[in-house]
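Each residue of the sequence shown is one higher than the one before, starting from 1 at the first, in the numbering used here.
Everything labelled a hint here was simulated from the structure, so no lab data went into it. Possibly wrong hints are sitting among the right ones.
Stated by the list, open to error - Listed next, with one range per pair, are the computed distances between beta-carbon atoms:
| no. | residue 1 | residue 2 | range |
| --- | --- | --- | --- |
| 1 | CYS92 | LEU18 | 16 to 22 Å |
| 2 | LYS135 | TYR113 | 27 to 33 Å |
| 3 | ALA97 | ARG43 | 36 to 42 Å |
| 4 | GLY124 | ASP45 | 38 to 44 Å |
| 5 | PRO99 | ASN5 | 43 to 49 Å |
| 6 | ARG138 | SER6 | 38 to 44 Å |
| 7 | ASP12 | ALA132 | 30 to 36 Å |
| 8 | LEU122 | ILE42 | 30 to 36 Å |
| 9 | GLY102 | GLU14 | 19 to 25 Å |
Unchecked claim - The calculated DMTMM-like cross-link candidates involving lysine to aspartate or glutamate, where the alpha carbons are at most 25 Å apart (straight line), are:
| no. | residue 1 | residue 2 |
| --- | --- | --- |
| 10 | LYS135 | GLU100 |
| 11 | LYS46 | ASP87 |
| 12 | LYS135 | ASP112 |
| 13 | LYS135 | ASP87 |
| 14 | LYS65 | ASP87 |
| 15 | LYS81 | ASP139 |
| 16 | LYS81 | ASP112 |
| 17 | LYS46 | GLU14 |
| 18 | LYS89 | ASP55 |
| 19 | LYS89 | GLU136 |
| 20 | LYS65 | ASP130 |
| 21 | LYS65 | ASP139 |
| 22 | LYS89 | ASP77 |
| 23 | LYS81 | ASP130 |
| 24 | LYS89 | ASP139 |
| 25 | LYS81 | GLU123 |
| 26 | LYS89 | ASP45 |
| 27 | LYS65 | GLU136 |
| 28 | LYS46 | GLU136 |
| 29 | LYS89 | ASP21 |
| 30 | LYS46 | ASP21 |
| 31 | LYS89 | GLU123 |
Backbone N, C-alpha and C fix where the C-beta goes; we use that ideal spot for every residue, glycine too.
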Amino acid sequence: CKRKNSNSWTVDGEVEHLIWDVSNPFSFLAGTASGNVVCIDIRQDKPLYTIAAHDNEVSGLSMTKLIPGLLATCSADKTVKVWQISDNKPSCVTSRAFPEAGSLHCLSFCPDYATMLAIGALEGGLLMWDIASNKEFRDAFNHRIEDGS
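When you get a sec, could you build the whole thing from the sequences and use the hints?
Written as structure tokens, this is what we have:
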């Protein structure tokens, strides 16, 4: 990260949340109020890619070091989406709606159990989802899941 002292990028709308890519020390991801996720490589002047992730603002982003290329997002649209972002070719693997929870505000992978997501919601309080229970996730990431996850 010592390449430049500062830089800036323009994104579509207000940035709601951001995280560093745990698989790439030169990249971070920003969730915007317009529902997009933008991936920035600090060595480049333009974003690597933009994902039209949600219908409302992207309020949460999470990655885990245990499964490279795995990204989870959540939104006020009451959904959590799971993405495969390896090789800068993002694709949505699966999604799950939580209509009873209202707006979803944040989420985080468990540091010791790679597929367990904790989710913070407006009306539903705290939720958990083990994404390994989803066949699409298992099909997309099975070869990447390490022992103990």
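Quiz item: When you check the alpha-carbon spacing of LYS46 and ASP21, does it fall within 25 Å?
Solution: holds, 17 Å
Quiz item: Does ASP21 lie within 25 Å of LYS89 when you go C-alpha to C-alpha?
Solution: holds, 14 Å
Quiz item: Does ASP87 lie within 25 Å of LYS65 when you go C-alpha to C-alpha?
Solution: holds, 16 Å
Self-check item: 25 Å Cα cutoff - pair LYS89, ASP55
Solution: holds, 21 Å
Exercise. Just tell me: holds or violated, for the beta carbon distance of ARG138 and SER6 against 38 to 44 Å?
Key: At 42 Å between Cβs, range holds.
Quiz item: Going straight from one Cα to the other, do LYS135 and ASP112 come out at no more than 25 Å?
Solution: Roughly 21 Å between the alpha carbons, so the hint for LYS135 and ASP112 holds.
Quiz item: For the pair supplied as a hint, LYS81 and ASP130, is the alpha-carbon distance within the 25 Å limit?
Solution: holds, 13 Å
Practice problem: For the pair supplied as a hint, LYS135 and ASP87, confirm whether the alpha-carbon distance does not exceed 25 Å. | Solution: holds, 22 Å
Quiz item: CA of LYS65 to CA of ASP130, is that 25 Å or under?
Solution: With Cα atoms ~16 Å apart, LYS65 and ASP130 stay inside 25 Å; holds.
Exercise. Given the hint that LYS46 pairs with GLU136, test it: the Cα-Cα distance must not exceed 25 Å.
Key: violated, 31 Å
Quiz item: Between ASP12 and ALA132, does the beta-carbon spacing fit 30 to 36 Å?
Solution: holds, 33 Å
Quiz item: Lying within 30 to 36 Å: is that true of the beta-carbon distance LEU122 to ILE42?
Solution: holds, 33 Å
Hint compliance for this structure: hints 2, 28 and 31 are broken, all remaining hints hold.
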